[in-house]
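S.K.: Chain by chain, the residues:
2 protein chains.
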Amino acid sequence: MSIEHTLIEIGKKARAASALMARANTDAKNRALRETARLIRDNKAALKAANQADLDKAKTNGLEPALLDRLALSDSAIETMAEGLEQIAQLPDPIGEMTDFKNRPSGIQVGKMRVPLGVIGIIYESRPNVTVDAAGLCIKSGNATILRGGSEAFLCNQALAKLVSQGLEAACLPQDAVQVIDTTDRAAVGMLITMPEYVDVIVPRGGKGLIERISRDARVPVIKHLDGVCHVFIDESADMEKAIPIADNSKTHRYGTCNTMETLLVHQAVAKQVLNELAVRYATKQVELRGCPRTMALLPSAIAATEEDWSTEYLAPVLSIKVVDNLDQAIAHINQYGSHHTDSIVTENHSNGMRFIREVDSASVMINASTRFADGFEYGLGAEIGISTDKIHARGPVGLEGLTSQKYVVFGHGEIRK
Amino acid sequence: MSIEHTLIEIGKKARAASALMARANTDAKNRALRETARLIRDNKAALKAANQADLDKAKTNGLEPALLDRLALSDSAIETMAEGLEQIAQLPDPIGEMTDFKNRPSGIQVGKMRVPLGVIGIIYESRPNVTVDAAGLCIKSGNATILRGGSEAFLCNQALAKLVSQGLEAACLPQDAVQVIDTTDRAAVGMLITMPEYVDVIVPRGGKGLIERISRDARVPVIKHLDGVCHVFIDESADMEKAIPIADNSKTHRYGTCNTMETLLVHQAVAKQVLNELAVRYATKQVELRGCPRTMALLPSAIAATEEDWSTEYLAPVLSIKVVDNLDQAIAHINQYGSHHTDSIVTENHSNGMRFIREVDSASVMINASTRFADGFEYGLGAEIGISTDKIHARGPVGLEGLTSQKYVVFGHGEIRK
Chain R
350 MSIEHTLIEI GKKARAASAL MARANTDAKN RALRETARLI RDNKAALKAA NQADLDKAKT
410 NGLEPALLDR LALSDSAIET MAEGLEQIAQ LPDPIGEMTD FKNRPSGIQV GKMRVPLGVI
470 GIIYESRPNV TVDAAGLCIK SGNATILRGG SEAFLCNQAL AKLVSQGLEA ACLPQDAVQV
530 IDTTDRAAVG MLITMPEYVD VIVPRGGKGL IERISRDARV PVIKHLDGVC HVFIDESADM
590 EKAIPIADNS KTHRYGTCNT METLLVHQAV AKQVLNELAV RYATKQVELR GCPRTMALLP
650 SAIAATEEDW STEYLAPVLS IKVVDNLDQA IAHINQYGSH HTDSIVTENH SNGMRFIREV
710 DSASVMINAS TRFADGFEYG LGAEIGISTD KIHARGPVGL EGLTSQKYVV FGHGEIRK
Chain G
350 MSIEHTLIEI GKKARAASAL MARANTDAKN RALRETARLI RDNKAALKAA NQADLDKAKT
410 NGLEPALLDR LALSDSAIET MAEGLEQIAQ LPDPIGEMTD FKNRPSGIQV GKMRVPLGVI
470 GIIYESRPNV TVDAAGLCIK SGNATILRGG SEAFLCNQAL AKLVSQGLEA ACLPQDAVQV
530 IDTTDRAAVG MLITMPEYVD VIVPRGGKGL IERISRDARV PVIKHLDGVC HVFIDESADM
590 EKAIPIADNS KTHRYGTCNT METLLVHQAV AKQVLNELAV RYATKQVELR GCPRTMALLP
650 SAIAATEEDW STEYLAPVLS IKVVDNLDQA IAHINQYGSH HTDSIVTENH SNGMRFIREV
710 DSASVMINAS TRFADGFEYG LGAEIGISTD KIHARGPVGL EGLTSQKYVV FGHGEIRK
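Chains as they are written, first to last, in the numbering used here: chain R, 350 to 767; chain G, 350 to 767.
Be careful, since some hints might not be right.
It does not matter which identical chain is used: a pair holds within one copy or between any two.
To be verified - With a Cα cut of at most 16 Å, we get these calculated EDC-like pairs of lysine to aspartate or glutamate:
#1 K393 x E697
#2 K461 x E708
#3 K451 x D724
#4 K756 x D724
#5 K557 x E626
#6 K461 x E750
#7 K767 x D597
These are computed hints drawn from the structure, not numbers from a lab.
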């Protein structure tokens, strides 16, 4: 069968399964999640064997060590996958929820009902745990999903797909609700993102290159996250007891995450004190500092930042620093060079804080908190399928709700339009 | 200047204006709306002269009479535009509204703030009133907008744009917040829908051909409405005192609107009674009936419906009718042939009604009400920029809220991530 026919068959099955998933009750969905968790634990040995075969092949193909690391499935990674499914089972079911009913002058009552999006296509790279996380979120939100993992994790993804399928079957839900594309043919991605008849939304997870390519070519809406050039702005009135730990934590808690601070902005009035204190902290952690001219005058250890630095997501122990005249300059810098992901102000001035959160055009805006809090679990979503830097549909951490839509419901009593 | 440069200049101005609009206060936005309403009334003669020049040219070019009708700007149409702006001024301002704050175990408080989308591109055909309606909704929702009207309404749209611009100026808001593209070059549309740097969302308003073309070529998200193949299903337990008026009103209240019923589904148990009663009503209004074989057996006046009829939006006094065995068949028919716009069940059976609204995959689902209620004003949105048949972002009638997005707001007290 040609790749085109294969994808159309998968799409048709997904569409049919999505109608059944949309009306599945909460109990059945939770049973499928818990049963899959059990199967994952019971089949640990088989999963590790499949993963080892993937790893062997990847080594032969000369995959970089960093990518090999992400590909490896440890005992604890397997347990985390199972626990993740059990956590999703514990979340409230968003589907069917009716809200916002109002009586209208005509006599009708108008409200909204939360419903699944339909079929979600998920395209991702190395990490096999995405297979299980994404399947779990789609099951709970009543969607069907078509998963396309990286070719380097092929065997492990297929093994996981089989277990999810068994979990669905045990709960009398359609096995086609979760399909993992079983070909490594690259043309499959091109097909998947251009089948609006069968796929309602695409969620790409991976490097910026992958996501840009998918956004450019997709004929289906894409919920995407490009990059995280996040800022902390330390205002004139900042409480140093808050500012220093926040600037430290935002940069050094983890270097490789999208909500890590990449640029620190400091009000000129407090720049000397702030930079001296922070330079000590960053030095002990070997963070390389790249500064504007005013920063360099205060910190001889810093090297000169280039124009490119201001829009770079380092994902590494590197920080760019700029001294600004005032709040306006800070906001303008963030809106110009940032990636609309997460930005935080440290201030004791109420009006400045409120202006910052209103005027900074980012998915998450914060006052006196570390940028590292921008995360589905920390926000109380229970789980996340990604963080969106788009403005349409879902913005910021995307949990179950981001995989749903609301339709209008009208309760009448025989009303007709006059 | 080349068309490309012109559009980029317009895009840059819109982007700059959108930052100012996003923080404009409610009073200034309302002042701009009311001032524009006043200017429209004061300049009625000039608007009618511009419209007459457009009409003369359109006649010379041989525009169809139906399109000439839509192009004509009567005294009452001018008054309706002015009143529309005043109504938008009276609506609550959605921007800056903060909701859903929750305390998290880490100590942070997480909530959401409603913000504008940024720059909205609106592409529309004949009717010049869209210029004013769309401008008004974008101003109130704090967005900048780039409008591209039909070439046949060019002079009138330019005259209206000038008045909106004066209204913005009077309220000290940026005149570039509303720009009407002042070229009839068709390449302008192609540019506008492929500039994600400058345009955040496109709203096309017009015929299905226009919308399909824009959806296919856009590199910017599109909020769109394709067509309205709406259904009424008269269930076995329907109250005939409700069913007959609803089926009559849904079809005959207005023929040319997207929420008009195009297919009537009738449960076999009540088909004879329902069809006999309705045939009399439809006959007095000269509605042509096209039926399935069972319908034709009951109504000799009906002609045979073809497969194509079930998915046709007639926008005319034509109705297709199908007798179905049960609720399941009705739901399956709607989900297969409908356009996911608006569908209504007439029933006294609670469980059937609840299944219908849950399982019919449409933007508006109704129990015992006319499909004609699917409308921003009837739903209490105050105004609408269109009706979306998409599932992503906005579904059903799109009012001010559909032109906004929500960002996450975090209030901390110095919290860092452990």
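S.K.: It remains to establish, for every hint, whether it holds in the given structure.
M.R.: Each hint, compared with the structure:
{"no.": "1", "hint": "K393 x E697", "verdict": "neither (52 Å within a copy, 53 Å between copies)"}
{"no.": "2", "hint": "K461 x E708", "verdict": "between (30 Å within a copy, 14 Å between copies)"}
{"no.": "3", "hint": "K451 x D724", "verdict": "between (34 Å within a copy, 15 Å between copies)"}
{"no.": "4", "hint": "K756 x D724", "verdict": "between (27 Å within a copy, 13 Å between copies)"}
{"no.": "5", "hint": "K557 x E626", "verdict": "neither (34 Å within a copy, 62 Å between copies)"}
{"no.": "6", "hint": "K461 x E750", "verdict": "both (14 Å within a copy, 14 Å between copies)"}
{"no.": "7", "hint": "K767 x D597", "verdict": "between (64 Å within a copy, 12 Å between copies)"}
This entry does not satisfy hints 1, 5, going by the numbered hints stated previously.
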